[in-house]
Every structure is written in C-alpha cells, then in structure tokens.
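**Q** Given next are the chains, with one letter for each unit.
There are 2 protein chains.
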Amino acid sequence: MFSASCHYGLQAMFYIASHSTEEKNISLNEIASDKNIPQHFLSKILQLLVKHKLLISMKGPNGGFRLSRSPENITLIEIVKAIDGLDIFNQCGIGFRECNEDDPCPIHTDYSRIREHVQNLFETKTLEALTEDVLNGDSLVKFTK
Amino acid sequence: MFSASCHYGLQAMFYIASHSTEEKNISLNEIASDKNIPQHFLSKILQLLVKHKLLISMKGPNGGFRLSRSPENITLIEIVKAIDGLDIFNQCGIGFRECNEDDPCPIHTDYSRIREHVQNLFETKTLEALTEDVLNGDSLVKFTK
DNA sequence: TTATATTTAGAGTTTTATATCTAAAAATCT
DNA sequence: AGATTTTTAGATATAAAACTCTAAATATAA
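Chains as they are written, first to last, in the numbering used here: chain A, 1 to 145; chain B, 1 to 145.
Just so you know, the hints here were simulated from the structure itself, not pulled from any lab data.
Certain hints may be false.
Same chains, same label: a pair holds when it works inside one copy or across any pair of copies.
Stated by the list, open to error - Within a straight-line C-alpha distance of at most 20 Å, the following computed EDC-like cross-link-like pairs (lysine to aspartate or glutamate) qualify: (1) K53 - E78; (2) K44 - D102; (3) K35 - D102; (4) K81 - E123; (5) K51 - D103; (6) K35 - D103.
Use the sequences and the hints to build the structure in full.
**A** Quick look at the structure:
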C-alpha cells in the first residue's frame, strides 16, 4: 500500500509523538536504532517532514526532532501526503488511469468504497489517538522492525 | 496497492474473459495494443499466468490465450496471488513486521478490518461477475491505459 | 515442406526506490 | 575559541521493478 519510506516516516512520527517531552528532542539516531531503520535513509525522510512542517529540527547537542504541532492536530494522512503523496487514495484498483465515477472499471464501486475507508482512517486518526492506544495497552510497540 | 505487473495481469485476464470465444484465442498483441501495455513485458506476465494454470496458451497462427477454466470459477485473488503474491493482504499498515493480533501496531484494528474488505472483494469477485457488469453497462472499459 | 503467426525464453537496458558514505553547517558546552 | 553533537546535503552504490530487444520453439496453413 505505502512505500517503505512512508512506513518509516509513520513509524518515526509515531515514535517522536510518544517519546518527546517539553525538554527533550528525539535524535535521528535514537529513532533509527529503536525502529531499525537505516539512519541516513531515515534522515532524508525526516528532512522531508521538516520541509512539510510536520516536524521541527534543532541542531547541536540536545538537538533532534519534535512535532511542530500538538499530536492531536496531526493526522496520519498528512504524513502520507508528505512522503508518498495522495495518489494512492485515488488510484484505480486494477490500474486504469481513466477510471472514475463516470467511466468506472469493473471493480470501481467496490474498490472506491474501500479506498474511502482507508482515506477516512488516515484522515481521522491523529498521532494523539495512537499514543493513547499505546498507553491504554491496546497496542504494543515494543517490537523493532 | 498492487504492482504495475499485477494491474496488467488483471486487465489482461479481464480482457481475455470478455473477448475470447470457443473458436477464438486472444493474442498477446491484441491485448497489449488494446490495453496499452508494453508487449514483451505483458508477455512475461501472461507466461506467469499460464504457469499458474489460469491461462492456456497456444502457439502458431490462430494461437493465443484463453482462460483455463470458465470465468465464474476464477477469482481476482488468484490472479493477484500468481503475480504479486498474497503478502499485501497480511502486511501491517505502517510496516511493522511483527504486527499481529497479539502484538498490534497502533492502527492494527482499523487497518486489518480494511484489509479484510479488500481480501473479501478479491476472493469473491469472479471474472464472470466483472464481465457481466460490463454487459449491463454498469462499467465501461472502453478506455486505454 | 515451406512460409507465417504466434508463444516462449533469455539477455540487456532504463528507471525508480532503497541504502550508504562523506563532509559541511549549525548549535551547544567547556 | 575549540571540541563535540547533531542535522543537512550531496554524491555514490545497490537492488528491484519496469521495459526492450533478439531469437528460438512450435503450431498452422498454404
């Protein structure tokens, strides 16, 4: 569904949301080792997220990354948009470029309903909601990779 | 969601289902030009589908491809399985390898519900059902690419 | 039996995604 | 000011996906 870059970005944002505090930035290295992501590759992705103003970065000792806004104001779709773009939410299930409501491919109706579910999920889920799930024990994120 | 190869495969199977008759095989070239798919690339994909026994091929004049079984017995998931494999239907939405029911990622519950919808769609939709839609005018497949 | 139409197969190319390496820039701390 | 830590950036490398080219194999038909 999403590219590896996008997965890495989502994981990183999620990690930052649940580990940074007023005083503490999260360093590239910390995320990369905890989530088992190639460091320099992740670096590019975080730079993207900074450019898209989802993250703030600070250099030097005690530097690192933090969210640019509070986690209840950041939805997952913004992260996807910054990395993979939003094409996925409009693409035909069997790859027809011209497929749309007026000129539907054979699975258009069913598939677009599903796409809407995905889009809705990513539009409504905030980083806040996700970290809450973890604190409640509803989801565990102790694994790596 | 799926690779370009998989899209091509689905389109080709669908084209064959709706154009072949008792007497008529569908040639590689016919599909490639109608659906605007690189011919030799499509050739590899159809070979895969032959190996997976979804298609039968015949060489020589009047040769070409036809379905190995009647279209009501071929579901879309078999085509996906032959080309991309079934991983997509089990992968975590944010790329965690270890994500599962017992050790869920933060979006596991929502995302796996969606995956089930997709899987269900591809498991239940047959080539027959799709061609019917076209004959009923519910879906138009006059576009290329 | 020869010419023709078609699939099959293998090698090669191009493009894109993923990953690595090295060094510069900026901020902090001593 | 100098040493250190961290992000930023650019160049390079590797791998996978997408695509192309050429020729062999096989079947049909004249």
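**Q** Now look at each hint and say whether the structure bears it out.
**A** Quick rundown of the hints versus the structure:
1. K53 - E78: within (10 Å within a copy, 43 Å between copies)
2. K44 - D102: Neither, since 40 Å and 32 Å both go past 20 Å.
3. K35 - D102: between (44 Å within a copy, 19 Å between copies)
4. K81 - E123: For K81 and E123, only the intra-copy Cα distance (11 Å) is at most 20 Å; the inter-copy one is 30 Å.
5. K51 - D103: Close neither inside one copy (37 Å) nor across copies (33 Å); limit 20 Å.
6. K35 - D103: between (43 Å within a copy, 15 Å between copies)
In this structure, the earlier hints numbered 2 and 5 are contradicted, and the remaining ones agree with it.
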